[in-house]
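Here's the letter readout for the chains.
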Amino acid sequence: MTTTLNTTLNNTTENKINTEERIKIRDIEMVDVIVMTGSAISAFALSYFFFQILLPVSGALGFLVCWYVFFNIISTVAVWELRGAVKAKDHLARVFIWTGGMAAVVPLILVLGYVIGKGYHSLRPQFFTQDQKYVGALSKSTEGGGAHAIVGTLEQVGIASLISVPLGITTAVYLNEVKGRLTKPLRMIIDAMSAVPSIVAGLFIYAAWILALGNQQSGIAGSLALAVLFLPTVTRTSEVVLRLVPGGLREASLALGGTEWRTTSRVVLPTAKSGLVTAVILGVARVIGETAPLILTVGGAFVMNSNPLSGKQDALPYFVFRLIRFPQEAQVQRAWTGALVLVILVLVLFVIARAIGGRGPDHISRLKKRRLKRKGLA
Amino acid sequence: MTSIDITSSDRTTMSSDISLLDPGHKAAGLTATNVACWFGTKKVLEGVNLDMAPGQVTALIGPSGCGKSTFLRTLNRMHELVPSATLAGEILIDGVDIYRGAIPVTDVRRRIGMVFQKPNPFPAMTVAENVLAGLKLSGLKTTRSERDDLIESCLSKAGLWNEVKNRLGDPGRALSGGQQQRLCIARSLAVSPQVLLMDEPCSALDPTSTRRIEQTISEISEIVTVVIVTHNMQQAQRVSNRCAFFLAAENEPGRIIEEGPTKDIFSNPRDPRTNDYVNGRFG
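Going line by line, the protein sequences match chains A and B. If you're matching positions, the first sequence starts at 0 in numbering that gives the first Met the number 0 and goes up one per residue. If you're matching positions, the second sequence starts at 0 in numbering that gives the first Met the number 0 and goes up one per residue.
Since the hints were derived computationally from the structure, they do not count as laboratory data. None of these values were measured; they are calculated from a predicted model. A portion of the hints provided could be inaccurate.
[What the hints assert, rightly or not] Partial selection, computed: residues in chain B whose CB lies under 10 Å from chain A: (1) 77; (2) 108; (3) 121; (4) 123; (5) 168; (6) 187.
[As the list claims (entries may be wrong)] Restricting the straight-line Cα-Cα distance to at most 30 Å, the calculated cross-link-like pairs of lysine-lysine (DSSO-like) are: (7) B/156 / A/372; (8) A/139 / A/117; (9) B/140 / A/272; (10) B/135 / A/372.
[Unchecked claim] Where chain B lies over chain A, by a calculated footprint (3+ residues, C-beta under 8 Å): (11) 245–253; (12) 262–269; (13) 362–371.
Where a beta carbon is used, it is the ideal one built from N, C-alpha and C, also for glycine.
Let the sequences and hints guide you as you build the complete structure.
Here's what the structure looks like:
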């Protein structure tokens, strides 16, 4: 009895949904499509006439600009005639904003496409396993030869993060949670530091660590130079992230009898965790491609040196910088592949950052769930 | 009247000699004598004398900007979190001065809990962790059975246990607004406060949730002294035993106009301004 009733109910609702005709709110009208296509065609014809026949100039870029200007004029006039001045202005603004967006994306796609096109040919597993001890300028580029640079980059950036991330987050906590007398001058110094040209960071480490202290060029020198660049970035972004933690949470924690330290460590930092991780990863993605600070500090090498503390090391950007100027085609090939690997590394970091950054503070990870279960809190 | 230097005194020291899980703790009385408050050079409160008796619910009423929230925040030393804030006068909990006395500020705040206007459960914690947050923030170790008991008893006192007993592992913010506010009350109760301050706890909630919170207030008033700021006259009448009416004239600091049993304030006020306010003629 109840089941039949339910089915009839379901049927009626389904029928109702099917018979109800929905208003098409977001549909593009046929007229608009015709106006736009017509404008595009007539603008093309007009610019062809002007550009190819009337004026004594030629060239693809000039033609495109000409076409774009004519399209704007014609379509705006058409919309004006059809729908009035307000709509026409709206249309013009929309076209400009679209163009702006496209103009920003197109170079990015071109750069990516160019690097992929140039580099994918030699992107073989050997590139990650072989250094240039046995693979040289005269061997084929598909035989690999980038392992030493990849290892160098990972080590240098890893050490730079080990130095900068704890320091940067601590500084951000000082600036945002402790707020002492030094807050203002410190913030100014951090700002100034983030404006330091990257070659100056390299020069500084070269002068202080290598010349003055008598150390050799090595991975650690490169790490220090990268850390100089990384520290202000991670400090500023962490500070912004900490500022987003609602003040009410700090008050709630203090009102429960929490000390300032526990409030920071148990409430503020966990709440800001995903943002902080994102800040760090984006900072890593930024310094991983730095070349200038490494030129004077790591020395560069063709063979694997996995010890960052002594001996010259290579790094991916520096590898690209040197190899692209080789006369041998194979080395140039390798440089492009190195650039592609660098791009892929940055892309992977960005994807991880997006995945973590998209989580709210109330995301409970699997690891935490397990810990809670052990404590009997879940 | 000398103002108290709040920055120099023991901001971070703490003693853990009070057993937080002691079931035999009693509600404490609060006495404010001649309290005045400043933000920078602006005086916002003057000459406040108020006795908040143990186990009673005291309501602070008055129009916006009359200093009642500021006064509430002086009662557990939250006022001083604003960098330019200073105050004068004396606030005693069971006869001991909370500003000049020997009680560390963290202990003051633990003994005098607070519930805020907007529900603010810790987002990075689950429902159960939120209840236990006060213990964690005070660095107190507990056994598993103590924790289980505490979670159940505090959530029950806040009237939330039946709704969330199967959702203890959910994030605190997954609850509805009214449930979140009751979670905040449970969180405050978990550190066994002797006084609970409530700053318009229902102003962000719907009528049903408001009724639940009011019910909770009348239930917990047996174990803690409650001081509540409210803009809702009916609420003040429903929940409070005593009532204090604050008012600030233009560009003048706020002061208490009238104070007494709630019944008298609403049915038989001595001051005409109180009469106007409780009958909705201004504010």
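Review point. Should the hint that residue 121 of chain B touches chain A count as held when the rule is a Cβ pair under 10 Å?
Key: holds, 6 Å
Point to revise | Proposed interface contact between residue 108 of chain B and chain A, which counts if any beta carbon pair is under 10 Å | key: holds, 5 Å
Check your understanding: Any CB of chain A closer than 10 Å to the CB of residue 123 of chain B?
Key -> The hint holds - residue 123 of chain B has a Cβ within 10 Å of chain A, the shortest such distance being about 4 Å.
**Study point:** Verdict on chain B covering the segment 362–371 of chain A, criterion of 3 CB contacts below 8 Å
**Key:** holds (count 4)
Check your understanding: Keeping to a limit of 30 Å between CA atoms, is the pair of residue 156 of chain B and residue 372 of chain A held or broken?
Key -> Since the Cα atoms of residue 156 of chain B and residue 372 of chain A sit roughly 25 Å apart, the hinted pair holds (cutoff 30 Å).
Review point. Does the interface hint hold: is residue 168 of chain B within less than 10 Å of chain A, judged Cβ to Cβ?
Key: holds, 3 Å
Exercise for review: Given the hint that residue 140 of chain B pairs with residue 272 of chain A, test it: the Cα-Cα distance must not exceed 30 Å.
Suggested key: Cα-Cα ~24 Å, so holds.
Check your understanding: Are three or more residues of the segment 262–269 of chain A within 8 Å, CB to CB, of chain B?
Key -> Since 4 is at least three, the answer is holds.
Practice item. Verify the interface restraint on residue 187 of chain B: the C-beta must sit less than 10 Å from at least one C-beta of chain A. Key: Hint holds; residue 187 of chain B Cβ to chain A Cβ min 7 Å, cut 10 Å.
Check your understanding: With a cut-off of 8 Å between beta carbons, are at least three residues of the segment 245–253 of chain A near chain B?
Key -> Holds, because 7 residues of the segment 245–253 of chain A bring their Cβ atoms closer than 8 Å to Cβ atoms of chain B.
Check your understanding: Under the criterion that the straight-line Cα-Cα distance not exceed 30 Å, is the pair residue 135 of chain B, residue 372 of chain A satisfied?
Key -> holds, 17 Å
Point to revise | Evaluation of the interface hint that places residue 77 of chain B against chain A, nearest CB under 10 Å | key: Check passed: Cβ of residue 77 of chain B comes within 6 Å of chain A, closer than 10 Å.
The structure shown violates none of the earlier numbered hints.
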